Structures are given as structure tokens and as C-alpha cells.
Amino acid sequence: MEWWEKAAEPYRGVTLKVIGQSTAPSIVLRDIAAPEFEKVTGIKVDFEVQPWEVEYEKFIRDVTGNTGIYDAAYIEQDAIYAFMQQKWLTDLTELMEKNPQITDPDLDVNDFTKFIEYFKDSNGHIFGFPFEAFLKMYIYRTDLFNDPEAKEAFKAEYGKDLKPADTWEEYEQNAKFFTEWGKKKGIELYGHTAQAKTGYPAVAYEIVESIWPAMGIYNWGINLEKWRATVENGGQVNSDKAKAALRWYVDMLKYAPPDVKTYTWDEESSSVAAGKVAQGLVYCENLAPLICNPEKSKVAGKVAVTKPPTTPEALADAKAGKGYIGYYDGASYSIPYCSKNKEAAWLFIQWVTRKGWDLEYTRLASRVVRKSTLESPEIKDMDIAQGGYFTAFKEYESLFSGAAPLPMHLVIIDIYMNWISKAVAGEATPEEALDGLAKEIDEAMVKLGY
Amino acid sequence: MKTSFRKQISGWGFLSPALAVIGFIGIFPFVYVVWLSLYEYNVFSLKGWIFTGLGNYLKLILDARFLDSLYKSILFVGVTCGIQIPLGLAFAILLSQQFVGRGVFRTILALPLSMAPVAIGSMWVLITRPAVGPISYWLSTFGITYNISESSVQAFLTTVIMDVWHWTPFVTLTFLAGLTSIPPEPLEAARVDGANAWKTFRYVTFPLLKPIFATILFIRIMDTFRIYDEIWALTSGGPGTATRYVNISLVRTTLAQSDYGYGATMSVFLLYLTVALCTVLLKLISKVRKEYE
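Sequence lines, in order, name chains A and B.
Remember, our numbering sits 3 above the position in the first sequence when you count from 1.
Remember, our numbering sits 5 above the position in the second sequence when you count from 1.
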């Protein structure tokens, strides 16, 4: 701690204003890491945690108004391209080079997982240090999949063994089976869950970041050379494949809990923790604090994690490096260009991403950003408690990718949300919705200068 | 002459701090929004600021999505006010009578008024959620499937009921104040003339309440037209776009899509629409007041 005390000496008494999103890892930072930082450095941290849309709105208002309210901000990976293009973030590579006296000698940038690559510009300069990173994985109930009665009933019905799904066809069969099993047994059990709340961006993210990639549609269906979405202009948004995927998504909701159309990413995980669903795709940041937490979950110790189901084509693409099967999600803390306390903020960012804390942080919030954490012997116990998540993480990390580099992402996600919501709500067929979406995205791209 | 000029100068001097504040918080933002509405400007656009003159306004009046949300807002205002005002009047008449527990009833009735709109929305999320909320449970006992995330009609009606539940007490209390201010003589005269309760209400009480009625109508139309928080918390405008009232469209365009130019155009348009509506209603109020006098 001696280095931290000395490095922070010139900034003692400074108050840092930090804005984060209401994710489990951010809450751990606010409640544990920030107070410890204050104690060691004498730099005060005013840590604000906000819901997703409010955090973005406040950050954008701060940087567009050049007000310098925030000294460090939560930057989700999929938004960083937009913010780098606008030059709203401080170049941390440059900051490190210019300020060796406040750069931790044990920082070890090479110890970060490949996730840090998604926070660099085309010159390899880092604009954010990742502190949370997780995969959206397939989670299933081991107690149900290993239930002899269920196994027997499944075999009788489908003529094959009940097992976690590798393909979407298997996923659908499992979903149908467990939904009917729940009805037959008189228990509240469904075979599927989703983040299908209409009028909220979660539903659009689920399609573009989880369903489409695992069915072979990448980069949100947008042609990144032409910046167009329609098939006529080289995109895939209204392709037959994308339409079939959306139709499948909408049809599958019948196997989910009846209130699934009120679920965002939070409720999706809660439905698993409540023991209502047999399988589903969930953001694994919720494993330690919720799904695998015996105090909050009915299924702690009864779940396992593995890669999401895919089409054979999508899996082959991902293995060959031509595609990916899901979103490598997470976020960094970055310094807004207009921050008034950049040096103190840089110390704080290093503090929350330092090697010595990463393992404990992983235990508290299931996130992992350092290779040394993944290789540590202590991770084994956590792995068992969290359904084999870290083993799956190591095995399948290479098949996932950070978000498509879409600098206009925050604008177009709303358009995706509008049309996908219409399909989910039944106001339009999936085919009509994607035709409308593709056309509107092309128009928006022109309007935005692409 | 000199004294009068000095007086004028010193008068303006005293007024100037207040005028500066009004200019800063009232006039400047309005002028800025009008100016912004003449540009195509999105924070994430590569094109920067493009002057379009009245282009955004032309686009707005032809924008099917905006017009649809405007229509939904007007429908929402019509239905909620159509229920709230007669219901509030009925409660006010009831509360103007003497009965046991009147004070308790009045207190309970006023409770929703003390709650923040976003808290009301969140509360209704819990009340209406299938498998958790009591409404879907009660309705299921009558064989009715209630799920506002599935049914557009149910979602619309639920937003109406939520608003009625929240604001009817305000209507009641305002009418009650009006009822207690009615002089007893006309009522006694009606009774002496042999008028029954309905005729007394129809020909004496209601005409005397007309100014209050017009004021309530004015306040409730304006308030309901501006609704945002409760709806955002309850449905986020869904399912699909079923409850995407005009303010939700405005917020999504301006903040979610960062389309500041077009968002400003929407704001200015809605402001003028509100001003026009206010003018009509204020004229109505003043006409009613004149008749009353």
C-alpha cells in the first residue's frame, strides 16, 4: 500500500465523482473498493450508481456540455466505439506514458484477458480499463436434467437422451419438454426464459448480441463496409436467416413464464434464481450475487453453465475466427476528456482493476478480467460454486466477441428496439418488422453521414 | 420630468435581477430549443449541424409514428378525464354528506396524491405483474387472462385506471371545496319550491359548480397530456407501441436516439399545441365565470 499512499499524496483531499451502472460489479466497487481506496489514498470518491439509460444520459450530457462533472465513468464495451469517435475519452496509453509516477509498477497490462483489446482504438491505445467482463452463457438446472423420471419421460417422447442443448433444435425440444413437465407435475416450471420486455432495449440486445450471432448473423446484421442493413445494400437485417431467427425467438416465448414480456436482463436472471425455468441464456455477472447465492436463490448448487446452443455454421465460423457465438459483455472505467481530476481518476481506475484485488472481486461479482485470476488455484472453489462458469469461460472465451464496432450504436439500438418490440408484441410479423427495421436503419445511416 | 425618469430607472434597476433570472431560466432555454429545432443535429452524426429551416416541422407533421403517439395521448386524455371528472364529482357529493367514517374515507382517498408518479408506476408494476400481482389472480378466478405485457387493450386500460386512481382524489377535493363554498340560500329555495335531489343538483348545484368544473378540466387535461413517469415505469410504452404516448416518443427521440434537432422540434410543436389548448380552455373558463357572475 506504500506505493499507493505515496503516489496519491499530491491528490489527498480531492473528491472524485464517479458514475457507474447498477450492475453487481459496480455495486461492489461502490460498497467495498471505493471506501478502501479512500482509506489508503485520502482521495474521496463520490460513487453514483445509475440504471443503464440514466448513466448514459448523464455521461453524454456531461461530455457534450464540457461540464467536467465526472472524473471516471462506466463505459460499456459496446458503446466505446461511439465515445472514442467523438473523442470523449482520455487516451490512457498516453496518460500512462506521461505520468509514470502515478502508474502502478505492478499494473501488468499483459495480464488482462483478451477483453482489453475491445477498449483500444485502431492505434492500439487503451481508452478504458475493463473491470467487469462476462459471457452470456447457457445455464441449465442439473437437478432437472439429471432427474431419472424426467430422463425417462424425455426418452419416451423424443427417443433420445435428455441433455443440455448444443443446438437450437435441442434447446427447443428441452424447452417444450420442461414446460409440459411443469404442467404435468403441477409446478411452476418453464423451459425457457428471455429478456423480452417490449419498449425496452434489452429485447433488441438479446436478438443482436445473443440469438443472431449463435444463428450465424453477425454485427447486428449490418454490412460494416457499406454501413447498410438491407439485403439489397449488402446487409442481413431483413435476410431470410434473420427473419427465421426472429420468428423462432417470438415463437419460443410460449415456453417462457407468462410475464416474460416484462423481463429485462435483471428479471431474466431472477426467473432462473426463482427456480421457474429449466434452461436459458443469462448474463453470468448474476451468478455469484444472485443465481448461485444460497441466500437469494432457490437453485444455488443446482445449475451448470456451458456455451450457448448454436447452429453448426455459427460454431464453425466462430472456431475459424469468421464469426462469434455471443457477446463478450462488460465494461471499463474510463476518464471523460473534460474531467478535472484526471490523475486522481487514473489512480482510482488502477485500484479497481489491480491484480491483488481481482480474485476477491471475482468471488464477489463473478466477473473476471485478468489471466492470473483464471489461472489461480482459488478459482476452482468458485468454479464449483458457480456451476463450472470459469471452466466454461476459459474453454469458450475465444468463441465470443466484443460488440460490433458501430459508432452509431446508441442511436440505432432504439430503432432495433422499436421494430423488434413490435414483432414480440404481435403488432407486426417478424418478417414485416425486419423489413421495416432494415429500411429504417439504412435511412438512419444516411442521415448520420454513413 | 427628471424625477419621473429617475423613478423609472430605479424601477427597472430593482426589476433587473428578477428579469435576468426569468430571461435565463425561461426565455433563453425556449429560444435555444426553437433555434435547435431548425437544425438536423444528432450527437453521433458525422455531418454535424445542418440547417434545415422548417424541414423538421414538415417531417413531423408527416411522421406516422409521431402522429400515432399523439393520437394515443389524445385518446388517453379523453378517456381518463372522461372518467376522473364525473367520478371525482360523485365522491365529492358523497363526502359533502354527513356519515360515519367520513374523515377516514377522505384521508384514504387523498393518499395517492402524496405519492411520487414514478412510485405509483412501480407500485402498479407489482400489482399488475402476472403470477405475482393480485389483479391477474382475481381476474383469473373469473376466467379472464390479464397480462399487460401481452394485451395492448389491457395495457391501455391499465394506464387509464392507474391515472384515474392517482388523480381522482384531486378532482374530488377540488369539487368538495367548490361544494362547500356554495351559499345555502339557492339550495334552500329549491327545497322550498319542492325540487327533488336530482333537480336540485341539475338546476342549482351544477350550474354553481361550473367555474370549478372548467378549472378542473383545464388542469387535468394539461396534466394528463404531460404524463410520462408512471407510464415509463409501468409499461415503458409497450407492449410494442400500445402505450407509447407522445412524451415517451419525445424522450426516446431526444435522449435515446440523441436526435436533438428533431427532439427539439417535437418539444416546440407540443408546446404550441398545449398553448393552443390552454387558450381555448381559458376562454371557456372566463366565459363560464362571466355567466356565473
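Because the hints were derived from the structure by calculation, they are not lab data.
Hints are not guaranteed to be accurate.
Unchecked claim - Simulated pairs of lysine-lysine, DSSO-like, Cα-Cα distance not exceeding 27 Å:
| hint | chain 1 | residue 1 | chain 2 | residue 2 |
| --- | --- | --- | --- | --- |
| 1 | A | LYS9 | A | LYS42 |
| 2 | B | LYS64 | A | LYS123 |
| 3 | B | LYS52 | A | LYS61 |
| 4 | A | LYS343 | A | LYS374 |
| 5 | A | LYS450 | B | LYS52 |
| 6 | A | LYS301 | A | LYS187 |
| 7 | A | LYS229 | B | LYS52 |
| 8 | A | LYS383 | A | LYS301 |
| 9 | A | LYS322 | A | LYS374 |
| 10 | A | LYS246 | A | LYS229 |
| 11 | A | LYS166 | A | LYS47 |
| 12 | A | LYS47 | A | LYS154 |
| 13 | A | LYS187 | A | LYS123 |
| 14 | A | LYS305 | A | LYS154 |
| 15 | B | LYS215 | A | LYS450 |
| 16 | A | LYS442 | B | LYS64 |
| 17 | B | LYS52 | A | LYS90 |
| 18 | B | LYS52 | A | LYS442 |
| 19 | A | LYS322 | A | LYS90 |
| 20 | A | LYS343 | A | LYS101 |
| 21 | A | LYS90 | A | LYS42 |
| 22 | A | LYS450 | A | LYS229 |
| 23 | A | LYS179 | A | LYS101 |
| 24 | A | LYS322 | A | LYS47 |
To be verified - Label-pair distances were calculated between CB atoms; the ranges are:
| hint | chain 1 | residue 1 | chain 2 | residue 2 | range |
| --- | --- | --- | --- | --- | --- |
| 25 | B | SER15 | A | GLN104 | 56 to 64 Å |
| 26 | A | THR432 | B | VAL285 | 55 to 63 Å |
| 27 | A | ALA247 | B | ALA69 | 37 to 45 Å |
| 28 | B | ILE166 | A | THR432 | 28 to 36 Å |
All values reported here derive from a predicted model rather than from experimental measurement.
Note that CB positions come from ideal geometry on N, CA and C, so glycine has one too.
Self-check item: Hints not upheld, ascending by number
Solution: Violated hints: 2, 4, 11, 12, 13, 15, 19, 21, 23, 24, 26 and 27; rest satisfied.
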